[in-house]
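Undergrad: Now for the letters of each chain:
Number of protein chains: 2
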Amino acid sequence: MTEFVTPKQIRQQARIGAFTGQTSGMCPGYTQANLVILPKKEAYDFLLFAQRNPKPCPILEVADAGSKRLQTFAQDVDLATDFPKYRVYQNGELVSEPTDVTDIWRDDLVSFLIGCSFSFEAALIAAGIEMRHITMKRNVPMYKTNIKAKSAGQFHGNYVVSMRPIPEEQVVKAITITERLPQVHGTPIQIGDPERIGIQNLDQPDFGDAVEIYPGEVPVFWACGVTPQAVVMESKPEFVITHAPGHMLVTDIRDNQLADIL
Amino acid sequence: MTEFVTPKQIRQQARIGAFTGQTSGMCPGYTQANLVILPKKEAYDFLLFAQRNPKPCPILEVADAGSKRLQTFAQDVDLATDFPKYRVYQNGELVSEPTDVTDIWRDDLVSFLIGCSFSFEAALIAAGIEMRHITMKRNVPMYKTNIKAKSAGQFHGNYVVSMRPIPEEQVVKAITITERLPQVHGTPIQIGDPERIGIQNLDQPDFGDAVEIYPGEVPVFWACGVTPQAVVMESKPEFVITHAPGHMLVTDIRDNQLADIL
Chain B
17 MTEFVTPKQI RQQARIGAFT GQTSGMCPGY TQANLVILPK KEAYDFLLFA
67 QRNPKPCPIL EVADAGSKRL QTFAQDVDLA TDFPKYRVYQ NGELVSEPTD
117 VTDIWRDDLV SFLIGCSFSF EAALIAAGIE MRHITMKRNV PMYKTNIKAK
167 SAGQFHGNYV VSMRPIPEEQ VVKAITITER LPQVHGTPIQ IGDPERIGIQ
217 NLDQPDFGDA VEIYPGEVPV FWACGVTPQA VVMESKPEFV ITHAPGHMLV
267 TDIRDNQLAD IL
Chain H
17 MTEFVTPKQI RQQARIGAFT GQTSGMCPGY TQANLVILPK KEAYDFLLFA
67 QRNPKPCPIL EVADAGSKRL QTFAQDVDLA TDFPKYRVYQ NGELVSEPTD
117 VTDIWRDDLV SFLIGCSFSF EAALIAAGIE MRHITMKRNV PMYKTNIKAK
167 SAGQFHGNYV VSMRPIPEEQ VVKAITITER LPQVHGTPIQ IGDPERIGIQ
217 NLDQPDFGDA VEIYPGEVPV FWACGVTPQA VVMESKPEFV ITHAPGHMLV
267 TDIRDNQLAD IL
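Each protein sequence line maps, in turn, to chains B and H.
To convert, take the position in the first sequence, counting from 1, and add 16; that gives this note's numbering.
To convert, take the position in the second sequence, counting from 1, and add 16; that gives this note's numbering.
Worth flagging that the hints you see were computed from the coordinates, not collected in a lab.
The beta carbon of each residue, even a glycine, is placed where N, CA and C say it ideally should be.
Certain hints may be false.
Only pairs whose alpha carbons sit at most 30 Å apart, straight line, appear in this in silico DSBU-like list of lysine-lysine [stated by the list, open to error]:
1) H:K56 / B:K57
2) H:K252 / B:K252
3) B:K164 / H:K252
4) B:K56 / H:K57
5) H:K56 / B:K164
6) H:K160 / H:K252
One-sided and incomplete, this derived list gives chain H residues near chain B with beta-carbon spacing under 10 Å [unchecked claim]:
7) P55
8) K56
9) L64
10) P70
11) I75
12) D80
13) G82
14) K84
15) W121
16) N162
17) G169
18) L278
If you anchor each label on the Cβ, the simulated ranges turn out as follows [as the list claims (entries may be wrong)]:
19) H:A142 / B:E195: 33 to 43 Å
20) B:A142 / H:T192: 18 to 28 Å
21) B:N162 / H:E195: 33 to 43 Å
22) H:Q220 / B:I150: 28 to 38 Å
23) H:N162 / B:E109: 44 to 54 Å
24) H:Q220 / B:E250: 18 to 28 Å
25) H:N162 / B:D225: 27 to 37 Å
26) H:W121 / B:K164: 25 to 35 Å
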């Protein structure tokens, strides 16, 4: 995808349906964003859920009700077209996976852009820490946990975490680097003891793919942006749109600008 | 007030009306909080305003609608009694300044706890940086600016900032220390050039008291928690309760725990 040089170009290709693929690795250094779109009547509880659970649910930006535009994270954006692929759920059931949701847009829809682990992975890689799932060309392994999120209205549930094996001698570095990105999940929530957070078997992730853990490595767990989606789905909302997994919005904001914005 | 040893004791004295004074300097190290209480119908726009303007409007915690309790910042709290003094506004006009709002409580009221500069002042003082307004036993000087906050629904307006004179050689230290407290206003937004943000005369603050600036000192401006109150008042809401200036809630959370919570 080297022909897509800027985030704006990627969004424009997605808008006309010419690009419908995953965005992993595109425009390194630029923040990519998850999407949850809910009717206004559910927006307060969801925003409150995010405020109460900033580690698994880091809000980057909330659009005005009915608006497909953003003020901060992308200029010249159309939220109904500029993600490469969407998922539409009705009463908790997946009903379609379109590349454009213009035809089902409603004036009462509120779009939430949510931070993504791509941002902190780029920082970890830049510091010389291998991301095993990237080396193995897999999705990061994600697990349901016994850590209760703070509930807000109808939204309640447990944290989902992502796991990355880190060599023991790099664990401190992994912590200090992700501490500098509190806007995108921040520091790990567990190191080395999966059972303590209710994970029985690392070889059987609930989402994504298992990865190998080599001798001398420790499994390190971060709060995961799948949490808010899982929590929304559990409440079986009448209508919700999300991005399709891996098909994110590439924003105009660089990861190293997040601290100035949020 | 040395007889009040713990935050809980202060809250209990406030609850029974035995303590109705300002909380400045009480329980050093514990986070104090501003208060805005709005009807539920205005809560979404206010929470969105805070999300869009985290520097002037750092939300510590939002209570459930109708609830006088908190989950995180204080155990055994009654939000209708535990601030030493409140202000009640109707249609934008101050109508009373009670020490208890139990009798006017409503099931649709949402309480927002907002961070306060006391938290970062404690850190600056601990680092050997004089807070001139404290030395002079005055309120910190606050100024309206030309910096537009991002609007949300009915809530719009400009930043209010607080000013502290800092010796030139301590300015870098003041920045790095407040950078570590993004949960309570974070880094300064202007250094040394008040006219650039629309402040004509440092001797005439819009709120609080003027302070002296000595030779070799630079005026440093931080986003101020008065901003959300000013913005709410500008919209002349039908009903709003705030704390009385300086009469804060003393919470059970220490300033150095904020990064773990928010």
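Undergrad: Work down the list of hints and note, for each, if the structure agrees.
TA: Results for each hint:
1. The hinted pair formed by K56 of chain H and K57 of chain B meets the criterion: a straight-line CA distance of about 12 Å does not exceed 30 Å.
2. Straight-line distance between C-alpha atoms of K252 of chain H and K252 of chain B comes to about 37 Å, which puts the hinted pair past the 30 Å bound.
3. A distance of roughly 39 Å separates the Cα atoms of K164 of chain B and K252 of chain H; the hinted pair therefore is violated under the 30 Å criterion.
4. A distance of roughly 12 Å separates the Cα atoms of K56 of chain B and K57 of chain H; the hinted pair therefore holds under the 30 Å criterion.
5. Taking the CA atoms of K56 of chain H and K164 of chain B, the gap is about 26 Å. The hint holds against a cut of 30 Å.
6. A C-alpha spacing of about 18 Å is found between K160 of chain H and K252 of chain H, which places the hinted pair at or below 30 Å, so the restraint holds.
7. Using the Cβ-Cβ criterion of 10 Å, the hint placing P55 of chain H at the interface with chain B is not satisfied: the shortest such distance is roughly 12 Å.
8. Because the smallest distance between the Cβ of K56 of chain H and any Cβ of chain B comes to about 8 Å, under 10 Å, the interface hint for this residue holds.
9. Evaluation of the L64 of chain H hint against chain B yields a held restraint, the C-beta minimum of about 6 Å falling below 10 Å.
10. Evaluation of the P70 of chain H hint against chain B yields a held restraint, the C-beta minimum of about 6 Å falling below 10 Å.
11. For I75 of chain H, the suggested interface contact is upheld, since its CB lies about 6 Å from the closest CB of chain B, less than 10 Å.
12. Restraint check, D80 of chain H versus chain B: the minimum CB separation of about 8 Å is within 10 Å; hint holds.
13. Taking 10 Å as the C-beta cut-off, the interface hint given for G82 of chain H is violated, the closest approach to chain B being about 12 Å.
14. Hint status for K84 of chain H: violated, given a least beta-carbon distance of 17 Å to chain B, over 10 Å.
15. Annotation: interface hint on W121 of chain H violated; nearest CB of chain B at approximately 20 Å, more than 10 Å.
16. Because the smallest distance between the Cβ of N162 of chain H and any Cβ of chain B comes to about 18 Å, over 10 Å, the interface hint for this residue is violated.
17. Checking G169 of chain H against chain B: minimum C-beta separation of about 8 Å stays under 10 Å; hint holds.
18. Checking L278 of chain H against chain B by beta carbon gives a least distance of about 6 Å; that is within 10 Å, so the hint holds.
19. Between A142 of chain H and E195 of chain B the CB atoms are about 21 Å apart, so this pair departs from the stated range of 33 to 43 Å.
20. One distance hint, 18 to 28 Å for the beta-carbon pair A142 of chain B and T192 of chain H, holds here, with the actual separation near 22 Å.
21. Evaluation of the 33 to 43 Å hint for N162 of chain B and E195 of chain H yields a pass: the beta carbon distance comes to about 34 Å.
22. Q220 of chain H and I150 of chain B have their C-beta atoms about 58 Å apart, which leaves the hinted 28 to 38 Å range violated.
23. Between N162 of chain H and E109 of chain B the C-beta distance comes to about 51 Å, which sits within the given range of 44 to 54 Å.
24. Between Q220 of chain H and E250 of chain B the beta carbons are some 55 Å apart, a value that contradicts the proposed interval 18 to 28 Å.
25. Hint check: N162 of chain H to D225 of chain B, Cβ distance near 52 Å, so the stated range 27 to 37 Å is violated.
26. At about 29 Å, the CB distance of W121 of chain H to K164 of chain B agrees with the hint of 25 to 35 Å.
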